Amino acid sequence: MDYNFSEIEPKWQAWWEEQGVYRVLEDPTKPKCYVLDMFPYPSGAGLHVGHPLGYIATDIYSRYKRHTGHCVLHPMGFDAFGLPAEQYAIETGQHPRLTTEQNITTFTAQLRRIGFDYDWDRAVITADPAYYRWTQWIFCQLFEHYFEPEVQAARPIADLEKRFAQQGSSDFSADQWKAMSRQEQQQVLMAYRLAYLDYADVNWCEALGTVLANDEVKDGLSERGGHPVVKRRMRQWFLRITAYADRLLHQLDLLDWPLALKEMQRNWIGRSEGASCVFSTQDGLHQIEIFTTRPDTLFGATFMVLAPEHHLRAALTTETQKDSVDEYLAYVAGRSERDRMADAKTVTGVFSGSYVKHPLSGELLPIWFAEYVLAGYGTGAIMAVPSDDNRDHAFAQHFSLPIIEVIDRSAHPQSSREDRETGVLMNSGFLNGMNIPQAIKAAMDELERLGIGQRKIQYRLRDAGFSRQRYWGEPFPVLYREGVPELLSEAELPLQLPEVESYRPTGDGHSPIASARDWVEAGPGLERETDTMPGYAGSSWYWLRYMDPHNSNAFVSGEREQFWSQVDLYVGGAEHAVGHLMYARFWNHVLFDLGLVSQPEPFRKMVNQGMIQGRSSLVYRLEGSNTFVSHGLKDQYSTTALHVDISIVHNDRLDLDAFKQWREEYKNAEFILEDGVYRCGSEVEKMSKRWYNVVNPDDVCERYGADTLRLYEMFLGPLEQAKPWDTRGIDGSHRFLKKFWKLFFPRDAKDENNAIPNISEEEATPQELKVLHKTIAKVSADIERLAFNTAVSALMVAVNEFQSLGTRKRAILEPMCILLAPFAPHIAEELWHAMGHKSPVVLASYPKLDPQWLEEDQFEYPVSVNGKLRDKVLLSLALEESEIREEVLRRDAVQKWMDGKAPRKVIVVKGKIVNVVV
RNA sequence: GCCGAAGUGGCGGAACUGGUAGACGCGCUGGAUUCAAAAUCCAGUAAUGGCAACAUUGUGUGGGUUCGAGUCCCACCUUCGGUACCA
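Going by our numbering, the letters in the first sequence line up with residues 1158 to 2075, in that order.
No lab work stands behind these hints, which were simulated from the structure alone.
Since this is a predicted model, take the numbers as computed values, not measurements.
It is possible that part of the hints are untrue.
Said to hold, decoys possible - Within a straight-line C-alpha distance of at most 30 Å, the following computed BS3-like cross-link-like pairs (lysine-lysine) qualify:
| hint | residue 1 | residue 2 |
| --- | --- | --- |
| 1 | LYS1419 | LYS1514 |
| 2 | LYS1995 | LYS1189 |
| 3 | LYS1896 | LYS1995 |
| 4 | LYS1935 | LYS2005 |
| 5 | LYS1931 | LYS1899 |
| 6 | LYS1598 | LYS1514 |
| 7 | LYS1899 | LYS1927 |
| 8 | LYS1762 | LYS1935 |
| 9 | LYS1880 | LYS1927 |
| 10 | LYS1966 | LYS1931 |
| 11 | LYS1335 | LYS1319 |
| 12 | LYS1927 | LYS1995 |
| 13 | LYS1895 | LYS2005 |
| 14 | LYS1895 | LYS1966 |
| 15 | LYS2005 | LYS1995 |
| 16 | LYS1880 | LYS1895 |
| 17 | LYS1931 | LYS1762 |
| 18 | LYS1762 | LYS1189 |
| 19 | LYS1843 | LYS1419 |
| 20 | LYS1824 | LYS1843 |
| 21 | LYS1762 | LYS1187 |
| 22 | LYS1995 | LYS1168 |
Let's have the full structure, built from the sequences with the hints guiding it.
Dropping the structure here:
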């Protein structure tokens, strides 16, 4: 009987489902293990072989954990709200729900075919009202809570109201609070809520009549159509993630995440310690606040720079400078953020005409506007210290502004301008003679004493915009009464999306939902919010729902949450480092503060899987002809490289007939061959339809089977690393499975159709046990450290050895079957049943490791003398325990071997002499 | 700029705390089997020299530590990923 994967795989997949093998039940007697994949957005394109990489890894890990007696949760679901479905709806009029459902069906079928151990019963779909009911509910919690700095945690907004009524705040008394109208009170509270309304700029495209995402804007023009895009202020929802900046930053240290990822989050949070300081204008009419991390260089400030968008710009511009400033503004307005970042080296700016007084020296400093100061960071204004800041220096030189050196670096000639470690203050009044850390402290003390500045911690992190003017997202559970937002009651959730006639934007900046008037007008004087939540809303808590997906009383029950507690292993792409992973942590922290989850951090260990790149095939066309020259000869001609579909190329050889049929234009193509074949060139690049290099997992399953696909994806290289998909290599994985199969069903010349496995009940020999136990040790250690590539190699080695030993014993093959099961579950299941088992191999317990078989043999090994290998193969010199302890005996043993020469030093590793020094 | 990761055969990659570099797989070469092919099996495969045993050189470059370095330290080069003109 041959290995017939196309028969085996559907058979066991159906059986697993029938038997409910992967149904997860909380079992408090076992240790739990929660293994999570980033759930996919069900795009219309389906899966390519890159997508399942991480899923296969978690599948192996979770199956291994089941074998080793853990209660495992390994779920899958769909991040189903998103732009592509909406885009498609706009073009075709098809409801995004339909498109999404169809895509989910395709994805599910593709995933099932690979044989994952998901409990599909626990699948969550973010666009399902039964799910987004709880997304809305969590939004309500965010609205109803604020961040209390005293306890560094979220507290009910009702507590804050009570406090205002009793003792007021720093801005108003209790009586003043009570005198406020409802609107006024709500406005005050809005400044505290974790979900709040505020005005902010959006990318507005007049021609398309819609708001665009940053990705949809290129160089100030819309990506589609190329229409101009301007900033427009709109009232929108925000989440106050900045309140959690410090917690999100510090908790990072406790997470087992890739360093690069943590670093990205740190940079994104962007904490910097410094001081704020107020500069008064020359006429004393205006105060300009700046933020600096270098208060020590205060005396080196020779001018001040404000962002062109600074709120005091008009007030500070003098009559004589007005024209130049307006001209500069026009220039800046025409530049996108991307432009501004692209040529950071160009120095531009304009003088305002006004001056500020230096708060310590009293000198007059000119105020400039320049685009290198960003309105959105700090206060949008800086004191420019050309002596100690590269950008300020370039600016001063360009506009011939004075430069005062304030740090004496003569003792450290190699130190740079922005060096904060070395040097002594000079030209700086009371700071003279101090080193930089001392001066920073002294300057801050002085600013605070004078009441013109204070210590301040600045974050780069911004509150998260939470409104989208789109249809296909979660509706906000919010009603407006006279412009004041009110939440729906819990009983009114979920608030479902209305049906609309058109998915096109309304043209006035509202989402398509605004056209559903019956829905919007919820009652007299009551209007619903017409924006929807952004794509990341549903993915900010989904891992919690998997714990208890059918609960209609809570987003997760306390009991289930305590059982699963935290994701033990989270695998996904690094592209979500500062988006999803940041928001997910933030939501989890808030839920933790509310006592709804038991851990502040959702994902204990995180691994980023590397991208699987495509391997494109290239043909070389002679310029101006329809003749193609083989790769090896192309340098002799002048050619253009063109991509060809990898399906008509096998082992880099082009199928000439298929090529001629591929495109009409190549019907009469001519070829210059080498060795009688056309060899294609290749290039490793992103898998994309454009390069004709996309490999579909369905095709691989068709041709080689899911088990081969799984094995090969793991064998390709380390999980975290980017690696190219090379179809040529897949035969090796397939061959391995065939070899494995043949251990059970050896094909003898006499009996071609032996249908029963040829298994003996004999006892295993020590040699066989050695191979087996080495493999158990290696494979389990490798799975634990997620080194699936080397685990597969170890299995291959074992099979080769058993093959050459002619092993047919149950005592060996049964455990081997379990070892293989996480990697190639279908074949393992088939063989497991062929050996007479009735229950699934998934539930079998992992073979027990017997360390006695791991001990090294005491046979020949090499010994070096003076670091140089003396005898490659030598009789054993392994020492007895006593000899290792007793220097004398050791010398004796070695001396004997060295023909009586006494060694000076003997290097022993694991009880064996490795090197002898004479 | 800055931050992070990585440079090993023709290719993907092994080598866990410093201990025989190149496991495993692909590809290639030769052989067996076959009418032939596919499939399968066996042998070889870092480079140079040698019939061979073997010798020498070899993990991006240059130094260093060590009996011993792909692995540790210093300097540099290259590639990839991230990013913020962040005061």
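A quick look at each hint next to the structure:
For the suggested pair LYS1419 and LYS1514, the alpha carbons sit about 42 Å apart, so the restraint of at most 30 Å is broken. Restraint check for LYS1995 and LYS1189: the C-alpha separation of about 26 Å stays at or below 30 Å, so the hint holds. Taken as a hint, the LYS1896 and LYS1995 pair is honoured in the structure, with Cα atoms around 24 Å apart against an allowance of 30 Å. Straight-line distance between C-alpha atoms of LYS1935 and LYS2005 comes to about 13 Å, which keeps the hinted pair within the 30 Å bound.
Using a Cα cut-off of 30 Å, the hinted pair LYS1931 and LYS1899 holds, with the two alpha carbons roughly 21 Å apart. A distance of roughly 22 Å separates the Cα atoms of LYS1598 and LYS1514; the hinted pair therefore holds under the 30 Å criterion. For the suggested pair LYS1899 and LYS1927, the alpha carbons sit about 21 Å apart, so the restraint of at most 30 Å is met. For the suggested pair LYS1762 and LYS1935, the alpha carbons sit about 22 Å apart, so the restraint of at most 30 Å is met.
Our distance criterion of 30 Å between C-alpha atoms is broken by LYS1880 and LYS1927, whose separation comes to about 34 Å. Our distance criterion of 30 Å between C-alpha atoms is met by LYS1966 and LYS1931, whose separation comes to about 17 Å. For a cut-off of 30 Å, the pair hint linking LYS1335 to LYS1319 stands: about 11 Å separates their Cα positions. For a cut-off of 30 Å, the pair hint linking LYS1927 to LYS1995 stands: about 29 Å separates their Cα positions.
Simply put, LYS1895 and LYS2005 have alpha-carbon atoms about 26 Å apart, close enough for the 30 Å limit, and the pair holds. With a CA separation close to 18 Å, the supplied pair LYS1895 and LYS1966 stays within the 30 Å bound. Of the pairs offered as hints, the one joining LYS2005 and LYS1995 holds, with about 21 Å between alpha carbons and a cut-off of 30 Å not exceeded. Restraint check: the Cα-Cα separation between LYS1880 and LYS1895 comes to about 25 Å, which is no more than 30 Å; the hinted pair holds.
Straight-line distance between C-alpha atoms of LYS1931 and LYS1762 comes to about 28 Å, which keeps the hinted pair within the 30 Å bound. The hinted pair formed by LYS1762 and LYS1189 meets the criterion: a straight-line CA distance of about 15 Å does not exceed 30 Å. The straight-line distance between the Cα atoms of LYS1843 and LYS1419 is roughly 25 Å, inside the 30 Å bound, and the hint therefore holds. Of the supplied pair hints, the one linking LYS1824 and LYS1843 holds, its CA atoms being roughly 29 Å apart against a limit of 30 Å.
Taken as a hint, the LYS1762 and LYS1187 pair is honoured in the structure, with Cα atoms around 20 Å apart against an allowance of 30 Å. Taking the CA atoms of LYS1995 and LYS1168, the gap is about 15 Å. The hint holds against a cut of 30 Å.
Hint check: violations occur at hints 1, 9; the rest are consistent with the structure.
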